[in-house]
Structures are given as C-alpha cells and as structure tokens.
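Undergrad: When you get a sec, could you build the whole thing from the sequences and use the hints?
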Amino acid sequence: MVHLRRAIGITGTKPGNMSTSVREIYNREIVENPEGATNYTYLQSQMCVKKMRRRRHPNNPSTVEELIDTLSQHQNSAYGTTMQNPSSNFFQQQLPFMVEGERVGVIFSNLDAIQKYREELLTVTFAGIDGTFKTVPKSPPQLTKGCLLTFQVVLKNVSFPMVYALTSRMTQATYESFLRIVREVLPLNYAQLTIISDYERGLINAVESTFPESRFQGCWFHYCQAIVRYCRRSLNSIYHLFQSNPEAATILRMILALPHLPAQVHPNCTFTIHDGFWVIVEFANQYPNIYHQMEVFLNGYIQEFWLTQIGAASISVYGYENYIKKHFFTRCLIVIYLT
1 MVHLRRAIGI
11 TGTKPGNMST
21 SVREIYNREI
31 VENPEGATNY
41 TYLQSQMCVK
51 KMRRRRHPNN
61 PSTVEELIDT
71 LSQHQNSAYG
81 TTMQNPSSNF
91 FQQQLPFMVE
101 GERVGVIFSN
111 LDAIQKYREE
121 LLTVTFAGID
131 GTFKTVPKSP
141 PQLTKGCLLT
151 FQVVLKNVSF
161 PMVYALTSRM
171 TQATYESFLR
181 IVREVLPLNY
191 AQLTIISDYE
201 RGLINAVEST
211 FPESRFQGCW
221 FHYCQAIVRY
231 CRRSLNSIYH
241 LFQSNPEAAT
251 ILRMILALPH
261 LPAQVHPNCT
271 FTIHDGFWVI
281 VEFANQYPNI
291 YHQMEVFLNG
301 YIQEFWLTQI
311 GAASISVYGY
321 ENYIKKHFFT
331 RCLIVIYLT
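Sequential numbering from 1 applies to the sequence shown in the UniProt record's numbering.
Simulated from the structure, these hints should not be mistaken for laboratory data. Any given hint could be a false lead.
What the hints assert, rightly or not - The list that follows gives simulated cross-link-like pairs (lysine-lysine, DSBU-like), each with its CA atoms no further than 35 Å apart: (1) Lys145 to Lys50; (2) Lys50 to Lys14; (3) Lys145 to Lys14; (4) Lys134 to Lys156; (5) Lys14 to Lys138; (6) Lys156 to Lys116; (7) Lys156 to Lys51; (8) Lys14 to Lys134; (9) Lys138 to Lys51; (10) Lys145 to Lys134; (11) Lys14 to Lys51; (12) Lys51 to Lys145; (13) Lys116 to Lys14; (14) Lys116 to Lys134; (15) Lys116 to Lys51; (16) Lys156 to Lys50.
To be verified - Label pairs and their calculated CB-CB ranges: (17) Ser237 to Pro288: 45 to 53 Å; (18) Asp69 to Glu200: 27 to 35 Å; (19) Asn205 to Glu247: 32 to 40 Å; (20) Arg232 to Asp69: 55 to 63 Å; (21) Met18 to Asn268: 52 to 60 Å; (22) Asp69 to Leu43: 50 to 58 Å; (23) Glu24 to Phe133: 30 to 38 Å.
Where is the CB? At the ideal position from N, CA and C, for every residue including glycine.
TA: This is how it looks when you write it as structure tokens:
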C-alpha cells in the first residue's frame, strides 16, 4: 500500500500531470502495484492527491501584473503551456496587451499550432469574436470588470478558438489592442474575411478600425437574444403579450426572422429587410389593440435602433454559407422557443 500511495502521489503532482484525472493515474499505478489496491482505494487516493495538488498551487494573484509574474515562473509552467506532448507555450507574455501604457489583460494562444496550420489559415473566410463573463476568474479582482475574449476561425465547417484574452476592461481601446495582437499573430487573408460578433458598439468600432478591409457581420443569435431580453424587461412590459396572444407572438417571430432578408435589393430576392419590416407593421395594424401596445417596440426599438443605428447591412444574414446559417439557427431555436 505504501508503494502504491507514494507512486500515485508522485505521479499526480508532476508538473505535466496536474490536470490528469486521479482515476486515470490510479488505474495506471495499480497495474504496477496490484497488492496495494486492496488497502488503498481510489477514493482515498483522490482525497490525498487533491490535497497535495492544492499545496502546490501558486497563491491567487491580486493584480494582473502578479498573474503575469506567476505564469512566467518556471515552477508554474504547467499553467501556461498546452497539455500536448511535447507541450507548447499557451500564455504569451511577450504580446503586450496594453492601453495607454497600462496592461489591461493577458493573452493566450498556441503560436506553434498557428505556424503549423499557416497555409490552411490563409483559406479562412469567416471568423468570430465572442466575449463571456461566466468563465472569468475571481482573482485578480480586476478581471471581474472585464471578460474572456476569444477570436475564432471557421475552417472546414468547424470553429476553432485561436487567440484568448482575459481583460480587465470592456472598452473600445481594449478591444482594439486585442485585435491588433490577433492581426499580428494570425496569418489570415483579411481582405476576404467576414468577422462576426455581437452588436456592442465599442467592439464594432474596434473591428472596423483594426480590419478596415474585412467585412463586419452581426450575429443573428445575438440579435434574437437582445430582442427577447428587451421584451422581458419589466419596464417594456410586452413579453406577457407575446405569451398570451397568438398574433403578437407571430409578430415577434417575424421580427426575429428579418435578418434572413437582404439589406438591399438582391438579384435573387428583391424583398429587403426594410420591406419586411413595413409588412410586419401593416400586419400589426390589423389588430389596433396589439399595435398600440407594440408601437414603441416596433418604431422606437426595431426601426430606430436596429434598422437605423445598427443598420440593415449589419444584421442581414442573407446569402450566408450553410454552416453559418446552421450555427445561427441552432442557437436561435432556443431563443425563439422561449417566446
């Protein structure tokens, strides 16, 4: 038992095995020490290895600078490299994620993989930018004011995250700094690239200023998500109308489907998003009571914000490749179903 416990402890706390499941290590080691398995169970080994790993964890950083310093130390290399064998650097200290001389986050990317697939990356025509708050660590506290940004490419109908950033801010300057790094490390043909993201104005401006030769395209999923969230706010008080009235629910579904129309007259479709919007308004006018309750939603929100401020060209997904349409459709099914 002593030999088995020692072997599992040593193996489970090696720098390259800190993320390996204890079950995998236990199963491997009992082959070499079968006699110890009788008195040293998997649950005992799991508890022991977890304690040993916790003692070897570095202290939680209190600032972004401390996080960078921790990841740069040799004894913590397992936290800044990939899990492949041989491993590659994933934390990229040399890429300066700065705004006005201040570091605003940290960058992660597998530069070895980027070089390996350089030729394939030159064929990419679609990329996406996404930000999430759910996976942002609580330490250092600065990061709770930012997000986890990812820049993804679509290659052979599969989306691959290529560059990651933990940010301490969500400003246009921060996005521009991140996208300049993306442009520096990713060998894409930016003249043929369509970049998809949500409708945050700072992010849109950053994309257009950093990739002027690329085409920006808003994400249909985020369009649907934003509209449903708008309707659910108590101040707007129209969500209950969609739930209780079939005609109102039909109007909402038509609004969510607007991006499938072209922004301008197209040889294959002369019916544009603006045409579709006015047809929806005419349909709503057939039900005066419903139109009265939805007037601010239709004219003040859909027309003024989405069609005027954001623009039909940014929300239209007409003519997209099948993969992109399927990707949007799968995510939007959830949003539409909830309405």
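Undergrad: Now, for every hint given, state plainly whether the structure supports it.
TA: Taking the hints in turn, this is what the structure says about them:
Proposed proximity of Lys145 and Lys50 is supported: the alpha carbons are some 30 Å apart, at most 35 Å. Restraint check: the Cα-Cα separation between Lys50 and Lys14 comes to about 13 Å, which is no more than 35 Å; the hinted pair holds. Restraint check for Lys145 and Lys14: satisfied, since their Cα atoms lie roughly 34 Å apart, inside the 35 Å limit. Between Lys134 and Lys156, the direct Cα distance comes to roughly 28 Å. Compliance with the 35 Å bound is thereby established for this hinted pair.
For the suggested pair Lys14 and Lys138, the alpha carbons sit about 26 Å apart, so the restraint of at most 35 Å is met. Proposed proximity of Lys156 and Lys116 is supported: the alpha carbons are some 16 Å apart, at most 35 Å. The hinted pair formed by Lys156 and Lys51 fails the criterion: a straight-line CA distance of about 43 Å is larger than 35 Å. Restraint check: the Cα-Cα separation between Lys14 and Lys134 comes to about 29 Å, which is no more than 35 Å; the hinted pair holds.
As the CA atoms of Lys138 and Lys51 are separated by approximately 21 Å, the hinted pair is consistent with the 35 Å bound. Straight-line distance between C-alpha atoms of Lys145 and Lys134 comes to about 12 Å, which keeps the hinted pair within the 35 Å bound. Taken as a hint, the Lys14 and Lys51 pair is honoured in the structure, with Cα atoms around 14 Å apart against an allowance of 35 Å. For a cut-off of 35 Å, the pair hint linking Lys51 to Lys145 stands: about 31 Å separates their Cα positions.
Of the pairs offered as hints, the one joining Lys116 and Lys14 holds, with about 28 Å between alpha carbons and a cut-off of 35 Å not exceeded. For the suggested pair Lys116 and Lys134, the alpha carbons sit about 31 Å apart, so the restraint of at most 35 Å is met. This hinted pair does not check out: Lys116 and Lys51 have alpha carbons roughly 38 Å apart, beyond 35 Å. Pair hint Lys156 plus Lys50 does not hold up; C-alpha atoms about 40 Å apart against a cutoff of 35 Å.
Judged by the Cβ atoms, the range 45 to 53 Å given for Ser237 and Pro288 is violated: they are separated by roughly 18 Å. Distance hint check: the CB atoms of Asp69 and Glu200 are about 31 Å apart, consistent with the given range 27 to 35 Å. Evaluation of the 32 to 40 Å hint for Asn205 and Glu247 yields a pass: the beta carbon distance comes to about 38 Å. Here the CB-CB span from Arg232 to Asp69 is close to 43 Å, at odds with the stated 55 to 63 Å.
At about 55 Å, the beta-carbon gap between Met18 and Asn268 stays in the expected band of 52 to 60 Å. Against the hinted window of 50 to 58 Å, the Cβ-Cβ separation of Asp69 and Leu43 comes to about 37 Å, which falls outside the hint. For Glu24 and Phe133, the hinted distance range of 30 to 38 Å is satisfied, since their beta carbons lie about 32 Å from each other.
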